[in-house]
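From first to last, the protein sequence lines stand for chains D and B. Quick note on the UniProt record's numbering: the first sequence kicks off at 1 and runs consecutively. Quick note on the UniProt record's numbering: the second sequence kicks off at 1 and runs consecutively.
Everything labelled a hint here was simulated from the structure, so no lab data went into it. Computed from a predicted model, the values in this text were never measured in an experiment. Please note that the accuracy of each hint is not assured.
[To be verified] The calculated label-pair distances, taken between Cβ atoms and stated as ranges, are:
| hint | chain 1 | residue 1 | chain 2 | residue 2 | range |
| --- | --- | --- | --- | --- | --- |
| 1 | B | I235 | D | E108 | 38 to 46 Å |
| 2 | D | G71 | B | S255 | 17 to 25 Å |
| 3 | D | S24 | B | Q284 | 30 to 38 Å |
| 4 | B | H382 | D | P3 | 48 to 56 Å |
| 5 | D | F359 | B | E5 | 30 to 38 Å |
Cβ coordinates follow ideal geometry from the N, Cα and C atoms, glycine included.
Number of protein chains: 2
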Amino acid sequence: MIPVEEARSRILQALAPTAAETVSLAAAWGRVLARPVHARLTQPPADVSAMDGYAVRAADAAEGAVLRVAGSAPAGHPFAGAVGAGEAVRIFTGAVLPEGADAILLQEDAEAAEGRVRVGETVRPGRWIRRRGLDFAEGELLLPAGRRLTARDVGLAAAANHPWLAAHRRPRIGILATGDEIALPGEPVPPGGIVSSNAHALAALVRANGGEPLVLPIAPDDEAAIAEAASAARICDLLVTTGGASVGEHDLVQSALGPEGFALDFWRIAMRPGKPLIWGRLGQTPLLGLPGNPVSALVCGVVFLLPALRRLSGSAEDPAPRTARARLGAALPENDRRFDFLRARLETTAEGDPLVLPFPVQDSSMLKTLARADALVLRPPHAPAAAAGEAVEIITLEDLGV
Amino acid sequence: MIPVEEARSRILQALAPTAAETVSLAAAWGRVLARPVHARLTQPPADVSAMDGYAVRAADAAEGAVLRVAGSAPAGHPFAGAVGAGEAVRIFTGAVLPEGADAILLQEDAEAAEGRVRVGETVRPGRWIRRRGLDFAEGELLLPAGRRLTARDVGLAAAANHPWLAAHRRPRIGILATGDEIALPGEPVPPGGIVSSNAHALAALVRANGGEPLVLPIAPDDEAAIAEAASAARICDLLVTTGGASVGEHDLVQSALGPEGFALDFWRIAMRPGKPLIWGRLGQTPLLGLPGNPVSALVCGVVFLLPALRRLSGSAEDPAPRTARARLGAALPENDRRFDFLRARLETTAEGDPLVLPFPVQDSSMLKTLARADALVLRPPHAPAAAAGEAVEIITLEDLGV
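Using the sequences provided together with the hints, build the complete structure.
See below:
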């Protein structure tokens, strides 16, 4: 059994980001930049007014002064002339500051009547002016390659005049559920069988984390069928199997794929849930074999598949899921040599701090418990017993779309 | 000026969830259930083995005993007979427990040879058996209406045998940017003009939060053009405008829409950034008029549009964005009467606690600063001065896809 950290690092080492494609700005949210975004213009392009009011010469605009209104400068319609001595120009937020003016008299401090305006409060030079380039300057690096685009980034790329962006292609993840005992929802279930839940749960995890899932037909426990289904691997950036990863005679993934050119890296990890986990390569395609238990499959999905997706997608963020700290709501016993990921509810204390409550029963077949969990509590190998109130590391599931 | 909380509650009050549509389980991630999901079967359907090993009668399976292997029970292929005295049946994880057996002898505690198996460690009755219904029972409520489906929920609905789900239709949000001074990225920019960033940033926010954005062509500052564009409102669940919301003569949204049947509820909010904010109804369609400044538009998007999306989508979660607590990395002055949303970076202290650092310049035109922010610091009206190290409420932007 190899440690969780080592397994993750061997998985990440074997993966490279997908190539770039052109995406429209309108479709760029959540995509990972393959090339940096530089500003194509300076923003604002000139000194502009930060408020509605009057562009004035501060020297003329002491309290009580009366100025002649020489014109108007709405946003998008710059005033053609200059502001002379004793003059003001009506101006609106975002409009270019007219020549000669060096400050803005706020609308609420101005009394306008018959082409003149009376200054209600002395104006300081430079007041309410946004300087050219306050936001960014032409050529400036705004968004680095490897950045997963937020809504704000999309706005920034738009403001910098980019209708198109270069993004890494969404990693295509083949998902192959195996087992004679499983059937798709709504289809006839064999005697003693169950309805398959892993493939579509993992597909959702892939989609939530920027990948493109390809759900393959279920393969029965038959070497030829698994080998045929696995041929779909050629068009995938990563093939994920579920089931068939443990040491049972009926766990055929390893033996079925050998003749297809499968090269195993490792297949047992010191973690709970999820000990049997295959990592290797099927021809050119990396293969991640997840356990068949639905809870194990999803927890291993968070711990290994999600980092793999981040690496494949070209994201510069830390591939490991972000952890946070929370106080334990109940004591935990000493841990054994397997890294434990406990399903837990999250509450907030009266003081507003997060409190985490592991479920008392942690069986890896209990999908309902997992669905009701808010977080996984991380218990490293040989972690000492922890009292209620102690701080532990957690992974918040909902933030991962999982 | 009305308070932020009151504005949000008036917005939410005016909105109702969209109707239901049928969605495939494969497309259900992130959708909000319009009807609850009940279990269509019991899981596991019978007592099953939790491990690979041998199904035995515990009374026969003391350390050192040798049992006759009467058959095999892989998952999906139940053993047809019963386990008699002195017998064992080879069994695999998830397989139905054969009649007569009451415990599992672990594979690693068994020594098999020539049709017999030697017990390496005494087996307790009931050991390594998952009882029928351990996960859920037929008819049980698994997922309530109003739940936004996670990957885990998709797995649970699959396991409960649902190929189809009833979800609320994605709210369709019309987005209308107005202003003579703005042009789409890559298109010719008028003199003194800027490139439009709000529409696509808001569209990304809508998409990130389960809505379907409809980006309308930019409307120039011309009443007829705005009125025409607003006619698209009829097919939207909500129309969002940006720009034109303040009191300037060139802020035409209010005046242009009056003749089209626009009924104003309120238009000024005690917040910064974002004082000018219109809320009303255009015919049957609610209308949210956001400020034209890109930072104001996005912050108001987080504070008002995102809750509106949650309400329209039928989600039972708290519509207001979730807040967390962090220590201030720098002192803040006393706040005035406007609710302040400060753009800030988030760091982690050596002790692993979140530390929040507001940017020193908070100008509402600085989109680059917003893009580099991790969080908004909430400063309620008249908040007293806060020293470095004090705890404040924050909204983490990335978790919202914003």
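That 48 to 56 Å hint for B/H382 and D/P3 (C-beta), does it hold up?
-> holds, 53 Å
Take a look at whether the Cβ-Cβ distance between D/S24 and B/Q284 falls inside 30 to 38 Å.
-> Distance hint for D/S24, B/Q284 holds at roughly 32 Å.
Distance restraint evaluation - D/G71, B/S255, Cβ atoms, bounds 17 to 25 Å | Taking Cβ atoms as reference, D/G71 and B/S255 lie about 22 Å apart, which means the hint holds.
For the pair B/I235 and D/E108, does the Cβ-Cβ distance stay inside 38 to 46 Å?
-> Cβ of B/I235 to Cβ of D/E108: about 39 Å, so the range 38 to 46 Å holds.
Return holds or violated for the Cβ distance of D/F359 and B/E5 against the range 30 to 38 Å.
-> holds, 35 Å
No hint from the list above goes unmet by this structure.
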